[in-house]
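Student: The residues making up each chain are set out below.
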Amino acid sequence: MEKFIQFLINGIAIGSIYALMTVGYSLVYSIMNFSNFAHGGVIMLGSYFGFFAITILKAPFWLAALIAMTGTTLLAVVIERLAYDPLRRRQAPSLYYIISAMGISIFLENIVLATLGADFRNYPPLFQTSGFYIGGISIGKLDVLILVVGTISLFGLMWLIEKTKIGLAIRATSFNLRAANLMGVNTEFVIFVVFGLGGLLAGLAGVMYGLRYTVWPQMGLITNKAFVAAVFGGLGSLPGAIVGAISLGIIEAMATGYISSNLRDLIAFVLLVTILVVRPSGIMGKATEDKA
Amino acid sequence: MKRALTLLLSLIMIIGLFTSCTPAAPGADTGGDTGEVVKVGWIGSLTGDQAIWGQCERNTIQMLVDEVNDNGGLLGKTLELVALDTQGKGEEAYTVTRRLIEQDGVITILGPNSSGEALGTIPALEAGGVPDIATVATNPKVTFDNGKVNPYNFRVCFIDPYQGSVAAAYAFNEMGKTKAAVLYDQSLDYSTGLTEFFIEQFEKLGGTIVAKEAFNSGDQEFKTQLTKIKSAEPDVLFLPYFFKEVGLTAKQARELGLDVDLIGGDGWPSEQLFDIAKDEMQGGLFVNHLDYADPAVQDYTKLYTDEFGKPPELNGFLAWDAFKVFEAAVNKANSLDPEDITKALEGIEVQGITGFIKIDPETHNPIGKEAAILRIEGEEYKFVTKYSVE
Amino acid sequence: MSLLELRDVTKQFGGLVAVGDVSLTVEQGSIHGLIGPNGAGKTTLFNLITGIYGLSGGTILFEREPIDGLAPFRIAQKGITRTFQNIRLFKDLSVYDNVLTACHMNTKYSVVEALFRLPARNQGEKKLKQETEILLDIMNLTDRRDVSAGNLPYGFQRRLEIARAVALKPTLLLLDEPAAGMNPDETFELLEMIKQVKREFGLTVLIIEHHMDLIMNLCDRIMVLNFGRVLAEGSPIEIQNDPAVVQAYLGEGGNHDARY
Amino acid sequence: MSWAYITTVLIMTGINLLAVIGLSVLTGFTGLFSFGHAGFMAIGAYTSAILTVWLGVPYYLALLIAGLAAGLISLVIGRLTLKLKGDYFIIATLGFGESIRLLFNWFDPIGGSRGFRIPSEIHYTSLSDVIIINLIALILIANLINSRHGRNFKAIREEEMASQVIGINIFRYKMLSFFISAVLVGIAGGMLAHLTHFLIPRNFDMTKSTFLTIMVILGGLGSLSGSVIGTVVLTFIPEFLRNFNEWRYVIFGFLVVLVMVLRPKGLMGGYEISDLLRWVKRRLVRRRGEKNESA
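Keeping their order, the protein sequence lines are chains A, B, C and D. When you line the first sequence up against this note's numbering, it's residues 7 to 298, in that order. When you line the second sequence up against this note's numbering, it's residues 7 to 396, in that order. When you line the third sequence up against this note's numbering, it's residues 2 to 261, in that order. When you line the fourth sequence up against this note's numbering, it's residues 4 to 298, in that order.
No lab work stands behind these hints: they were computed from the structure. All values reported here derive from a predicted model rather than from experimental measurement. Check the hints yourself; a few may be wrong.
Unchecked claim - Counterexamples of contact, computed for chain D against chain C with all Cβ distances above 12 Å:
| hint | residue |
| --- | --- |
| 1 | Ser5 |
| 2 | Leu58 |
| 3 | Val79 |
| 4 | Ile113 |
| 5 | Ser123 |
| 6 | Leu130 |
| 7 | Ala145 |
| 8 | Asn149 |
| 9 | Arg160 |
| 10 | Glu161 |
| 11 | Leu179 |
| 12 | Ile183 |
| 13 | Val235 |
| 14 | Ser277 |
| 15 | Lys284 |
| 16 | Arg289 |
As the list claims (entries may be wrong) - Pair ranges (Cβ atoms, derived):
| hint | chain 1 | residue 1 | chain 2 | residue 2 | range |
| --- | --- | --- | --- | --- | --- |
| 17 | D | Arg281 | A | Met164 | 37 to 43 Å |
| 18 | D | Leu287 | A | Leu174 | 55 to 61 Å |
| 19 | B | Asp72 | A | Met164 | 56 to 62 Å |
| 20 | A | Asn192 | C | Lys130 | 46 to 52 Å |
| 21 | D | Pro61 | B | Thr311 | 55 to 61 Å |
Said to hold, decoys possible - Restricting the straight-line Cα-Cα distance to at most 30 Å, the calculated cross-link-like pairs of lysine-lysine (BS3-like) are:
| hint | chain 1 | residue 1 | chain 2 | residue 2 |
| --- | --- | --- | --- | --- |
| 22 | C | Lys92 | C | Lys79 |
| 23 | C | Lys170 | D | Lys284 |
| 24 | B | Lys308 | A | Lys9 |
| 25 | B | Lys284 | B | Lys154 |
| 26 | C | Lys79 | D | Lys88 |
| 27 | B | Lys308 | A | Lys64 |
| 28 | B | Lys338 | B | Lys316 |
| 29 | B | Lys316 | B | Lys218 |
| 30 | D | Lys284 | C | Lys79 |
| 31 | A | Lys9 | A | Lys171 |
| 32 | A | Lys9 | B | Lys185 |
| 33 | C | Lys130 | C | Lys109 |
| 34 | D | Lys88 | C | Lys128 |
| 35 | C | Lys92 | C | Lys170 |
| 36 | D | Lys86 | C | Lys170 |
| 37 | C | Lys130 | D | Lys284 |
| 38 | B | Lys284 | A | Lys9 |
All C-beta atoms, glycine included, are put in the ideal place defined by N, C-alpha and C.
Based on the sequences and whatever the hints tell you, model everything.
Tutor: If you want it as structure tokens, here you go:
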């Protein structure tokens, strides 16, 4: 039982990191209907921004996070302008966006590699790495921090989307971009904001990830897990993204814990396909019938 | 119809753009040892997830090539290094090796920095008749397979079975450990190799493996595996992989309250290990090629640090030795012909910084290299003892 | 003889009844009109007949066999095909290829025969090409056979969609607002064309349309839907004189051109 | 450039080309995107290697069986995932590719993550093998594309619902397309295995799948000649860029985005070389006509 709870806690801890990544990706998906494979690259740069803010600018942690988030927000918006906007003007199918995103991702990873080198970089420790202990169960302090920060920011995002005017515009646009445009929503601006928010979350995810682990050019690959999590939960659904990410974390922990650490990812994949066979739009995704 | 024209034009432009690049690239002429220049190749990861090791090797060899040229060159000729990226992939290593041999006309290839790449070079080297001296390719099959030696593959590092057995024997015999746990990277050949031979040796000596858990390259979260390991109550934990994951493992293990002795292989030593988990790594023991207190080691470390602003990774030392072996072979053969160099390499003896190297003509492995056991104390790797099995 | 029969057909989305207890009989060889205000459930009915939506209740018989629950392509293979309100052509393919693609069922050569260009494939292709050319002629599309479907003028797109549907050699053709967005001349031309293909291919037609002229001229019988339910059913004369229809649908003054 | 090196690059190009022809059927003609085809490549590579090394099966037969093995797995995976829409399918294929790699890493009898060596006495993939196999594949696939079955692929790419109502069993055709692509990619894997004579699962990662897909897209969706050109250009570009080492993929990534932005339909944009020749011929005829008139 103690072991089960420890596995559960481990699962939630890694799941909350996935969640931070998944939500930014899913948000962009909900508007643009394509998988933004550049998200991982932006997260990676967020990690670097935060790292350099701390080590070179000697910024305190909260300021470094802020700087990183500002940086990635700008980066995400610039990427949107340069790589996606021209495609949108041509009404290119989503395949082209995905390839463009792939190109960006290759570019970002390798430019960091070429300029900063392949070194692993490490955030100075924020706390000692002892955990809290409850009985024999350990809870990492960083995990708690990530969970708290993650929850606050995700609730903030939900509030923004549910309660504000721009949130309404985002919801309208995600429902139907063209119709929203006809209804007088400035969809250009909405897209701008959405990419900005995606970048903001990527920055936060990057800093948290860097703080928890290390920073290096290939770290963006971890977002593959976030894509899987998003599909688990249902693409384009924010609650789905969170549910999907946390469940993926727990599934991985349980598969490692009770079945085999060798086959962890395989088990996660089999479960993913099983869920998709039963619910083709994920756990929380809307099952849509094609309109004729 | 205009579209068809733009299409044609863009095609021509793109092709034109890249063909025009070629002449600008160094070493694109027909190669061979024309005139006073002779080329030596290096291959390895400059991109991809093992780039950190490849970059250090390339830097080291460039440094050595410059030094040779400052001292009058190799057999009177200016040495030129052609260093090419493999992205850490076997098939890329194959293409790159062919290119170095056929186009650049290199006389010997140094590197690569992993077995996965080195195994890809075998057919290319056999087709081209040029020797390769691998730096850190520890899989036995690189030089010797099914009772047959690969004629053109050599190496200066010791092989997986040796390291794994040394770690196991040391843990059992010297540390008195009987219950070992292993965490390993199942997608990394180096890690699975060490694991296999560690377990074999440890069980042979009479110890038990109480837990064997895996992860995949790219993973950074090991807590669940460590939770399982903790509940198996081992008295030693073997971590046969590279320092980034080693540091993270140590951190997470301590967080879980898993206070057990750590032991590992030559993937450990790096300045960066201390950035990740200095406190958590204290007292950790690992098998290595060299003693860091050795003056030769310190000279090189200083030279490298002065030149590149950061200390070398372990691969740098082996790259150094690979180059020295190459240089010695050329001088012994007194020839710049690849076949002559290959012959000279068999049985050559060189005092490297990772120890005394003698290439066994039967297996093309260095023989008599003793493993060193080092302990982490503060920010230093303290030499404990030389150690060997069988 | 009844070709298509709907019995108490019902479709609900969530709790919302889009089509409720609709019964309808379409006679072989007739042209049957389907009218009603926007949102009355006309297109939904088409989606139910062609199998794009599943039924919530009732049953659909085609040539006296139930077809509900079959996949759309099976229903098409049985001889029911359709056009779409918001034109769905293969936009990047040429006019010729659009029709040629739709002919695919008129020959049966296999994948292996295709891979190796065996005689069966060559004969089949020859036959399809002839059929396509004939059809393009009938639909007056031969001049534009190499144009991408997406680049055709609107009226031609509608026409091409009908040509593509007819290429299947269906028994029953469902037309969803074929005259939408056309000017009176084009509408008239379309009317003639529908009559022609019907005659030539021995079709039965079920048509949704807002152009009252077209409907009243073309149809043998008309069904009026309102809020997903049948409001009236009868000959064009009966419908025009039905007080419920006049009140609910044709509105003030019985203006024939009124859209809603 | 020396001929031996060019030969090497040409063989590489040919292996990539076969895989790209396969993916072109799936992505270019049927409009389905897969990030898991490296998995099929791995299956083909390992199957052929096991056949030639352990069972002494001749090279060409081993390739054929390798292709069929990949095809067989594709039918199972396709059955489960081809009903999924858009990005759900993409992510599912991504998961499949990673899982296959994991399985090969884990499965020790064929070397696990330490790789599988093909002894040097076994046949090496040669330039003529590559040319023969690619020619056959190109002719067969061109035949298929120019048939009712090929047109059904394109119909599905253009408009799924319209395809259904003209009686196309879209699931069956997607399966067929997925199967064909897996077979060709599997054979390409077998050729690759017999070129480097060494197999290691980490070579079949997602980057590989992405790279193949990028070749299809840059060549132009729905154009076989585009795929050929895309493959040749994209295999040669990194070779020319080799001396840039670390900067190579920076430039490559930039180029990918550039092409997408400037010419999103790819180099050939749905046209075939034959269309281009026809167009040039028509221009020439017209010009001659004009000259004659003015004379």
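Student: Quick one: which hint numbers does this structure break? Sort them smallest to largest.
Tutor: 7, 8, 9, 10, 11, 12, 17, 23, 24, 25, 28, 29, 30, 31 and 34
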